[in-house]
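Colleague: Sequences and hints are given; from them, build the entire structure.
There are 2 protein chains.
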Amino acid sequence: MSGIAKTPEPPYYAVIFTSERTAGDNGYSAMGDRMVGLASAQPGFLGVESVRDEQGVGITVSYWASLEAIAHWKQHAVHQAAQKLGKAEWYQRFGLRVCKVERDQFFEM
Amino acid sequence: MSGIAKTPEPPYYAVIFTSERTAGDNGYSAMGDRMVGLASAQPGFLGVESVRDEQGVGITVSYWASLEAIAHWKQHAVHQAAQKLGKAEWYQRFGLRVCKVERDQFFEM
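Residue numbers (my numbering), protein chains in the order written: chain H, 1 to 109; chain R, 110 to 218.
Please note that the accuracy of each hint is not assured.
[As the list claims (entries may be wrong)] Among chain R residues calculated to face chain H with C-beta under 7 Å, some are: (1) E118; (2) V160; (3) V210.
Calculated from the structure, these hints are not laboratory results. These numbers were taken from a predicted model, which means no experiment stands behind them. C-beta atoms are modelled at their ideal positions from N, C-alpha and C, and glycine is treated no differently.
Modeller: Shown next as structure tokens:
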């Protein structure tokens, strides 16, 4: 699997989630896999890119067809439970940005 | 230094650069540091977040005040030379997306 999401022609939307983890896994990896699987099944989901380094800093970008699709996923009951655990257990801090992708470009050697 | 950029109130712009590296450093790290330093000195630069994992997948998000600031940085002569080296030496593939950040939210434990 490539680390680069295959998205349609712009415009579409991106949610940039940048986070710093607490120490230890504490169920984080399993929940992360579950959230990616669940998000992928939501209406309007276009793709996801996710990287975390050895210092515990991570950037996850999910791509969506519309703001409505993002709002729908935000309200999903299982995702809401994960968001609460994220604040209580897994993240020291995070930033979340909702963006409209206006143009894109891809390169393959 | 926090891994999360301190950006002003939206709207502002984000460039999401997702890449897969070739093997070996080949001068990449030094150029990366130089580009961050140089970008930070450009007009309209607001911040940068950058993560690369052990598999060589990286996401760098730079934040800018305007599309003009992004275009200006894209055309910078030293940055142009780095872009050529990136395609020739450092990246197997990449995706680049230019976005307008419409809203954001931050959390600190």
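Colleague: Does each hint fit the structure? Answer for all of them.
Modeller: Each hint tested on the structure:
no.: 1; hint: E118; verdict: 12 Å, violated
no.: 2; hint: V160; verdict: 5 Å, holds
no.: 3; hint: V210; verdict: 5 Å, holds
Against the hints set out earlier in the document, a violation occurs for number 1 only.
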